[in-house]
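Generate coordinates for the entire structure from the input sequences, incorporating the hints supplied.
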Amino acid sequence: MTATADSLVVDIVRTLEKQGVPRDAYQLGREFDPEALARLLDTGGDAVEVRLEVRGVSLVVTKQGVWVTDEPPSSQPECPNCGLPVTAVVQLVPTHHNAYPCGCRVEENLLE
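Numbering (my numbering), first residue to last: 162 to 273.
Read the hints as simulated data drawn from the structure, not as lab findings.
Backbone N, C-alpha and C fix where the C-beta goes; we use that ideal spot for every residue, glycine too.
Be a bit skeptical, because a hint or two may be false.
What the hints assert, rightly or not - Restraint-style ranges between C-beta atoms, simulated for each label pair:
| # | residue 1 | residue 2 | range |
| --- | --- | --- | --- |
| 1 | Gln180 | Val209 | 21 to 27 angstroms |
| 2 | Gly226 | Glu268 | 31 to 37 angstroms |
| 3 | Asp231 | Val171 | 20 to 26 angstroms |
| 4 | Asp231 | Tyr187 | 17 to 23 angstroms |
| 5 | Asp231 | Val254 | 37 to 43 angstroms |
| 6 | Pro246 | Pro183 | 20 to 26 angstroms |
| 7 | Val251 | Glu210 | 28 to 34 angstroms |
| 8 | Arg212 | Leu253 | 22 to 28 angstroms |
| 9 | Val254 | Gln180 | 28 to 34 angstroms |
| 10 | Arg266 | Gly226 | 35 to 41 angstroms |
Structure follows, in structure tokens:
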């Protein structure tokens, strides 16, 4: 991992620990991609705000830091093909949209 991603992971882990979530209760690499999150924050400007949920704790991540939000955790829609929770829809080419993390092909407005 890059230094930025390492620092981000440490901040997220410390924030989760303050909320009583032990380190052995999750694997961040399965919750989200730390490298991709760090790149998004590095290249997206100061207005980028990413919301994550790890073990029922809703987090807000920006260039300025990581904190817990008071908003209740949102439910994730299920993939219409395989039924797994969908955290993002990835568009690699204009006509193809894939659910993340399962990879099934889906409609682009699945998360709207």
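Going through the hints against the structure:
1. Between Gln180 and Val209 the beta carbon distance is about 23 angstroms. The supplied range of 21 to 27 angstroms therefore holds.
2. Under the hint 31 to 37 angstroms, the C-beta atoms of Gly226 and Glu268, about 35 angstroms apart, fit the expected range.
3. Between Asp231 and Val171 the CB atoms are about 23 angstroms apart, so this pair conforms to the stated range of 20 to 26 angstroms.
4. Between Asp231 and Tyr187 the Cβ separation comes to about 21 angstroms, which falls inside the hinted range of 17 to 23 angstroms.
5. Separated by about 39 angstroms at the C-beta atoms, Asp231 and Val254 satisfy the suggested range of 37 to 43 angstroms.
6. Hint check: Pro246 to Pro183, Cβ distance near 22 angstroms, so the stated range 20 to 26 angstroms holds.
7. Look at Val251 against Glu210: about 19 angstroms separates their beta carbons, and that is not inside 28 to 34 angstroms.
8. For Arg212 and Leu253, the hinted distance range of 22 to 28 angstroms is satisfied, since their beta carbons lie about 23 angstroms from each other.
9. Distance hint check: the CB atoms of Val254 and Gln180 are about 39 angstroms apart, inconsistent with the given range 28 to 34 angstroms.
10. At about 36 angstroms, the CB distance of Arg266 to Gly226 agrees with the hint of 35 to 41 angstroms.
The structure is inconsistent with the numbered hints 7 and 9, although it conforms to all the rest.
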